[in-house]
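Assemble the complex: chain A is given as a structure, and chains B and C must be docked to it using the hints.
What follows is the residue order along each chain.
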Amino acid sequence: MRKSNTSVAWKRKDLLDLESLSREEIELILATAESFKEVSRREIKKVPALRGKTLVNLFYEPSTRTRVSFEVAAKRLSLDVINITSESSSVKKGETLIDTAKNIEALKVDIIVVRHNYSGAAAILSRNLHVSVVNAGDGWHEHPTQALLDMFTLKEKLGTISGLHVSIVGDIAHSRVARSNIWGLVKLGAKVTVCAPKILIPAAIEQMGVSVTESLDEALRDADAVNVLRMQFERDSQDAFPKQLEYFKNYGITEERLAKLSKNIIVMHPGPINRGIEMSSAVADGTHSVILEQVTNGIAVRMAVLFLVAQANEYISKTQPHAAGSSKQPGERKIAG
Amino acid sequence: MRKSNTSVAWKRKDLLDLESLSREEIELILATAESFKEVSRREIKKVPALRGKTLVNLFYEPSTRTRVSFEVAAKRLSLDVINITSESSSVKKGETLIDTAKNIEALKVDIIVVRHNYSGAAAILSRNLHVSVVNAGDGWHEHPTQALLDMFTLKEKLGTISGLHVSIVGDIAHSRVARSNIWGLVKLGAKVTVCAPKILIPAAIEQMGVSVTESLDEALRDADAVNVLRMQFERDSQDAFPKQLEYFKNYGITEERLAKLSKNIIVMHPGPINRGIEMSSAVADGTHSVILEQVTNGIAVRMAVLFLVAQANEYISKTQPHAAGSSKQPGERKIAG
Amino acid sequence: MRKSNTSVAWKRKDLLDLESLSREEIELILATAESFKEVSRREIKKVPALRGKTLVNLFYEPSTRTRVSFEVAAKRLSLDVINITSESSSVKKGETLIDTAKNIEALKVDIIVVRHNYSGAAAILSRNLHVSVVNAGDGWHEHPTQALLDMFTLKEKLGTISGLHVSIVGDIAHSRVARSNIWGLVKLGAKVTVCAPKILIPAAIEQMGVSVTESLDEALRDADAVNVLRMQFERDSQDAFPKQLEYFKNYGITEERLAKLSKNIIVMHPGPINRGIEMSSAVADGTHSVILEQVTNGIAVRMAVLFLVAQANEYISKTQPHAAGSSKQPGERKIAG
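Chains as they are written, first to last, in our numbering: chain A, 14 to 350; chain B, 14 to 350; chain C, 14 to 350.
Hints may contain errors.
Any copy, or any two copies together, can satisfy a pair, since identical chains are not distinguished.
For lysine-lysine, the following DSS-like pairs were computed, each having C-alpha atoms within a straight-line distance of at most 30 Å [said to hold, decoys possible]:
#	residue 1	residue 2
1	LYS256	LYS170
2	LYS331	LYS262
3	LYS331	LYS59
4	LYS59	LYS204
5	LYS59	LYS24
6	LYS59	LYS88
7	LYS24	LYS211
Just so you know, the hints here were simulated from the structure itself, not pulled from any lab data.
One chain only, chain A, in its complex shape (with noise of 0.2 Å):
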């Protein structure tokens, strides 16, 4: 069930971005994901594949809604699952990030998932651990899984993502969600637009291979779908009110905006929405809206994601047991915060 037709293997004990992985490696993926989307279905919703492995949740920032989409979709592969969250851990202690994560190694347990502030934190633990390390979110700098589940979604909704234009709307300076997404629908044939007011896009994206525009009625002409990226706009709480009128006038997904294209967009978000400034109530549960089947989705490929990585390093460990984590994989150092 598991099997894939995809002609390459994966050979990574890590998930740390999608800039190191090839057009091949994310189609692996997204063919394990599909796979797995069927499990979810069935009564009993489980498979053995991982029993007797244990997964880390390593979360220095709050997210509930990643966490715990990792850890349903371990439990569901039979993994056991730690979660550790900053609040509660040894940082309070002073202790620094690799002696934490060796330290969690030393308890053999086999994949640690790890959401960071700190760009490339992920990066780090996997130049420094055997064990595999998957990133749920480092910084301004990646989410991989999160774009994994936007093109799953949108290979589901539209059959293939060669070809499609997406946008991406919001704070493309500060998302990790679009510096994800760009790398992996560029590689696999989309036409990627960012639109978002100037002071929001960071310099020189175009080499990233993506259009630009402050326009949003450009950004929705002529795409496939929209992803809508979360504003965050309480860290200054004095003026966020008048802001976000302001952002919703020129950049909210409106029912009307999307009345006036002539093709049937799908609309998506990373969650949590903010209703009323990223887009309307009507536009989120409207029949545009993919954005649950996103998380829904998410289950299926971060369980592909943990099954591949845990597999490749067992293999890993068998074959090569005393090399070291990084080398093993070209591209990795690549990696910019």
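Below, chains B and C alone, put in the same frame as chain A:
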């Protein structure tokens, strides 16, 4: 083993309250709990009944006691359990309760156990979700599994509920435990007296079918059991101590009071007890007290509830795959805040 | 596989300390741990030994490290695990430790692992509960599983404990790790030296059978191993930095100091390390250090302890169903705060 002789079958995907349940439905839960009680006495205290299904504890109010009871009950049914507490949840990010719950549902979990300070929170989830919803306490409204375990304990000790005289002592006005007990006990044919200083008795409480008294001695006089509610003096810390002394003098259960009674009364408490406020330590630990047995019975009762709603929901989703959650539950809309 | 050749059988329902254990009992734990160590090397790192039983981690002090180690150990034995931390617990509602623990026992769980800042907390639970109690650190009193994993590591590295010279360096006065190590090592025939500035050495420590020195060089001179305690400078943040520098100068383990020794000394630390305070990074990560092996061995040792107490308690409850917890444990009452 989990077959019951009761003629009624359980058809609800949710347990929201006792107000909308029939006498037969309550009796079915109690009979099912009886067969589950035996599981906790085995060497391997676990049955595969709900293996491969997932329960989410969604707690917006802290409650180790209730959360842990549901968690143990769930694991004894082989459910996978995910804990989400408000401290760590997306609530902080301003997401609505419904959005949070719909996201959890999209993970294809099977049961959400919800505790929330808003009366009606569980009913809102029920109307919006296909997943099973179990109310673990909503505002001042209801706490149905607490009342069910209280009734289970009464029946175990005294053989029946019908015809018993049960007094409930304490802050009736703000107690979901009192409300659920009143609905359940009256339906099963018990005589119920509520007892408190006038200010803690809600207007028109007699309409629920109970007697009212301000005198503890009167409430105890011919009662078979007294259910003593927790007092929440910690909220007004300024003058908490004199108030506590005064309360204990007038409403505290003491061995002296119990010794005066002609019947061998049962003393219950939902916990945690304030020793020396609601009752003396001698009573809490004495022969009248069944407080720890209530805790034990909570496991069996919650196993029964989880089992029944999960079974019913599986049947519903097979036979009416597109039905909305609430339409299957007559009476549900009657729930008052 | 879990059979041991040791002639003594384990009869205690609890593990509270090493003070009251015999040499044979300690050796039985270490021998049992040896057979469990192999489990963590398997592809499926799990045995059904305690399936259907439940362990509660009841932690009144934050300790990710110890909590996670017990959680992993428990899951490898197929125990269900419930975590209760003081932040979320009924403690806030003013409940006593005994009431909290009796409520947990009433859930029909099998083992309570307790960490508490009160010396004697585990012994109090043991006397009041039939459920097994494992001390995960109580005040300044004892931390028996830490000492057992230290001894397991010593034996693994050096083949024996008897005849070894082990020095313990750091805040002896306030260290439950030191106390448990001293009891265990002396019972097993090791020579123990404690080393610290005078103010950190408790009065009359020699009565425990150890030598005392203020000189680190003297403590290291002919030691086979040095166990370096964590310093808690964070509590007096005002002048923490100069104190740390001073401490490192006098008591920090450096490669220079180790190079002067004639023996190949083993360096241990219960973690988390303060690099540059208790030892240099070069030592922590160097060839003398067995710090991460200690973490790995913690799993095997805790599996052994959980297995032994659960087995003994099952036997006790079958043969003496109404016996009180403490009466079965000679020596238990000797435990000092």
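So, going through the hints one by one against the coordinates:
With identical chains, the CA atoms of LYS256 and LYS170 are never at most 30 Å apart, being 34 Å at best within one copy and 63 Å at best between copies. For the identical chains of this complex, LYS331 and LYS262 are neighbours neither inside a copy (57 Å) nor across copies (44 Å), given an alpha-carbon limit of 30 Å. In this assembly of identical chains, the alpha carbons of LYS331 and LYS59 lie at most 30 Å apart whether taken from the same copy (27 Å) or from different copies (19 Å). When the C-alpha separation of LYS59 and LYS204 is checked against a cutoff of 30 Å, the pair qualifies neither within a copy, at 37 Å, nor between copies, at 48 Å.
For the identical chains of this complex, LYS59 and LYS24 are neighbours both inside a copy (25 Å) and across copies (26 Å), given an alpha-carbon limit of 30 Å. Taking the closest pair of Cα atoms, LYS59 and LYS88 come within 30 Å of each other both inside a single copy (7 Å) and across two copies (15 Å). Proximity of LYS24 and LYS211 under a CA criterion of 30 Å is satisfied in neither setting, with 40 Å inside one chain copy and 56 Å between copies.
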